[in-house]
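When we follow the numbering used here, the leftmost residue of the sequence shown carries the number 1, and every step to the right adds one.
FYI, nobody ran anything at the bench for these hints, they're computed from the structure. What you are looking at is a predicted structure, and each value in this text was computed from that prediction instead of being measured. A portion of the hints provided could be inaccurate.
[Stated by the list, open to error] Pair by pair, the computed Cβ-Cβ distance ranges are:
#, residue 1, residue 2, range
1, Glu72, Arg15, 16 to 24 Å
2, Thr32, Thr103, 19 to 27 Å
3, Ser98, Lys18, 21 to 29 Å
[Unchecked claim] Lysine-lysine pairs mimicking DSBU-like chemistry, simulated, CA-CA at most 30 Å apart:
#, residue 1, residue 2
4, Lys120, Lys88
5, Lys88, Lys74
6, Lys5, Lys100
Note that the Cβ used here is the ideal one computed from N, Cα and C, for glycine as well.
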Amino acid sequence: MEYSKGIMGFDPGFRGQKWSILGEPYVPLHMTPTSLIMHAEFGAGSFVPTHIHDEQDEIIYVLDGEMEFDMEGKTIRAGAGELATLPKGIAHSLHNRSGKSATALVTVSPTAGMYDYMMKISGLADPGQVVALGPEHGIRFV
(Lines of atoms letter the chains of each structure in order from A and count residues from 1; the text may use other names and numbers.)
(Lines give C-alpha, C1' and ligand atoms only; values in the text may rest on other atoms or scores of the structure.)
Protein backbone atom coordinates (compact mmCIF):
# COMPACT_ATOMS: atom_id res chain seq x y z
CA MET A 1 0.00 0.00 0.00
CA GLU A 2 1.23 3.46 -0.86
CA TYR A 3 1.18 6.05 1.92
CA SER A 4 1.54 9.81 1.89
CA LYS A 5 4.86 11.46 2.64
CA GLY A 6 6.47 14.84 2.10
CA ILE A 7 4.43 17.92 1.19
CA MET A 8 0.81 17.38 0.21
CA GLY A 9 -1.46 20.17 -0.97
CA PHE A 10 -5.19 20.31 -1.52
CA ASP A 11 -4.66 19.81 -5.25
CA PRO A 12 -4.02 17.05 -6.12
CA GLY A 13 -4.46 15.53 -2.64
CA PHE A 14 -3.39 11.97 -1.82
CA ARG A 15 -3.22 9.94 -5.06
CA GLY A 16 -5.04 12.79 -6.83
CA GLN A 17 -8.32 11.57 -5.35
CA LYS A 18 -11.43 13.65 -4.80
CA TRP A 19 -14.47 11.95 -3.29
CA SER A 20 -18.14 12.89 -3.39
CA ILE A 21 -19.84 11.65 -0.23
CA LEU A 22 -23.59 12.13 -0.72
CA GLY A 23 -22.81 15.22 -2.77
CA GLU A 24 -20.28 16.72 -0.35
CA PRO A 25 -16.66 17.02 -1.58
CA TYR A 26 -13.86 15.36 0.40
CA VAL A 27 -10.19 15.36 -0.58
CA PRO A 28 -7.86 12.91 1.18
CA LEU A 29 -4.68 14.80 2.07
CA HIS A 30 -2.77 12.23 4.11
CA MET A 31 -3.07 8.48 4.65
CA THR A 32 -0.98 6.07 6.70
CA PRO A 33 -2.01 3.12 8.89
CA THR A 34 -2.12 5.44 11.90
CA SER A 35 -4.09 8.39 10.51
CA LEU A 36 -6.23 9.69 7.65
CA ILE A 37 -6.70 13.43 7.10
CA MET A 38 -9.33 14.77 4.69
CA HIS A 39 -10.37 18.25 3.61
CA ALA A 40 -14.18 18.34 3.63
CA GLU A 41 -16.80 20.83 2.55
CA PHE A 42 -20.19 20.79 4.24
CA GLY A 43 -22.96 22.61 2.42
CA ALA A 44 -25.66 24.45 4.34
CA GLY A 45 -28.03 21.91 5.87
CA SER A 46 -25.71 18.94 5.32
CA PHE A 47 -25.15 16.36 8.03
CA VAL A 48 -23.63 13.00 8.84
CA PRO A 49 -26.15 10.89 10.80
CA THR A 50 -25.44 9.48 14.24
CA HIS A 51 -22.70 6.88 14.10
CA ILE A 52 -20.00 5.21 16.17
CA HIS A 53 -16.41 4.54 15.19
CA ASP A 54 -15.46 1.29 16.90
CA GLU A 55 -11.74 1.62 16.15
CA GLN A 56 -10.99 5.32 15.68
CA ASP A 57 -11.04 8.73 17.21
CA GLU A 58 -12.43 11.42 14.91
CA ILE A 59 -11.05 14.94 15.13
CA ILE A 60 -12.52 17.84 13.16
CA TYR A 61 -10.73 21.17 12.80
CA VAL A 62 -13.09 23.80 11.39
CA LEU A 63 -11.34 25.97 8.82
CA ASP A 64 -14.27 28.16 7.80
CA GLY A 65 -17.90 28.47 8.88
CA GLU A 66 -19.53 26.71 11.80
CA MET A 67 -20.30 23.06 12.54
CA GLU A 68 -22.38 21.42 15.24
CA PHE A 69 -21.85 18.00 16.76
CA ASP A 70 -24.47 16.09 18.71
CA MET A 71 -22.81 13.83 21.28
CA GLU A 72 -23.91 12.39 24.63
CA GLY A 73 -27.18 14.33 24.62
CA LYS A 74 -25.51 17.69 24.00
CA THR A 75 -24.92 19.87 20.98
CA ILE A 76 -21.47 21.41 20.75
CA ARG A 77 -20.52 24.09 18.25
CA ALA A 78 -17.18 24.71 16.62
CA GLY A 79 -16.32 27.73 14.51
CA ALA A 80 -13.29 28.57 12.40
CA GLY A 81 -10.09 27.78 14.27
CA GLU A 82 -11.78 25.38 16.72
CA LEU A 83 -11.34 21.64 17.10
CA ALA A 84 -13.98 19.03 17.91
CA THR A 85 -12.78 15.71 19.31
CA LEU A 86 -15.13 12.75 18.91
CA PRO A 87 -13.63 9.71 20.70
CA LYS A 88 -14.09 6.15 19.46
CA GLY A 89 -17.01 4.27 20.88
CA ILE A 90 -19.15 7.39 21.45
CA ALA A 91 -22.16 8.00 19.21
CA HIS A 92 -22.05 11.36 17.45
CA SER A 93 -23.43 13.22 14.44
CA LEU A 94 -22.15 16.19 12.42
CA HIS A 95 -24.34 19.06 11.21
CA ASN A 96 -24.02 22.30 9.31
CA ARG A 97 -27.04 24.20 10.59
CA SER A 98 -25.50 27.63 10.00
CA GLY A 99 -27.15 28.38 6.67
CA LYS A 100 -23.71 28.86 5.08
CA SER A 101 -21.07 26.43 3.83
CA ALA A 102 -18.30 25.20 6.13
CA THR A 103 -14.94 23.60 5.51
CA ALA A 104 -12.93 21.41 7.84
CA LEU A 105 -10.01 19.06 8.19
CA VAL A 106 -11.37 15.68 9.26
CA THR A 107 -8.89 13.28 10.88
CA VAL A 108 -9.45 9.71 11.96
CA SER A 109 -6.84 7.78 13.92
CA PRO A 110 -5.98 5.03 13.34
CA THR A 111 -7.06 4.82 9.72
CA ALA A 112 -8.47 1.27 10.14
CA GLY A 113 -11.17 0.77 7.46
CA MET A 114 -12.02 4.44 6.93
CA TYR A 115 -10.00 4.97 3.74
CA ASP A 116 -11.51 1.89 2.11
CA TYR A 117 -14.98 2.96 3.29
CA MET A 118 -14.63 6.42 1.76
CA MET A 119 -13.45 4.85 -1.50
CA LYS A 120 -16.50 2.56 -1.58
CA ILE A 121 -19.11 5.21 -0.78
CA SER A 122 -17.74 7.95 -3.04
CA GLY A 123 -20.31 8.71 -5.70
CA LEU A 124 -23.17 6.80 -4.07
CA ALA A 125 -26.45 8.73 -4.11
CA ASP A 126 -28.44 6.45 -1.79
CA PRO A 127 -27.88 7.16 1.93
CA GLY A 128 -29.11 3.63 2.67
CA GLN A 129 -26.15 2.18 0.75
CA VAL A 130 -23.73 4.45 2.63
CA VAL A 131 -25.16 3.28 5.96
CA ALA A 132 -25.22 -0.39 4.92
CA LEU A 133 -21.50 -0.37 4.01
CA GLY A 134 -20.46 1.18 7.34
CA PRO A 135 -20.29 -1.90 9.61
CA GLU A 136 -17.85 -3.80 7.40
CA HIS A 137 -15.49 -0.83 7.85
CA GLY A 138 -15.91 -0.34 11.61
CA ILE A 139 -18.58 2.39 11.46
CA ARG A 140 -22.01 1.73 12.93
CA PHE A 141 -24.92 4.05 12.21
CA VAL A 142 -27.41 4.17 15.07
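(request) Any hints from earlier that this structure breaks? Give me their numbers in increasing order, please. (result) Per hint list: 1 and 6 violated.
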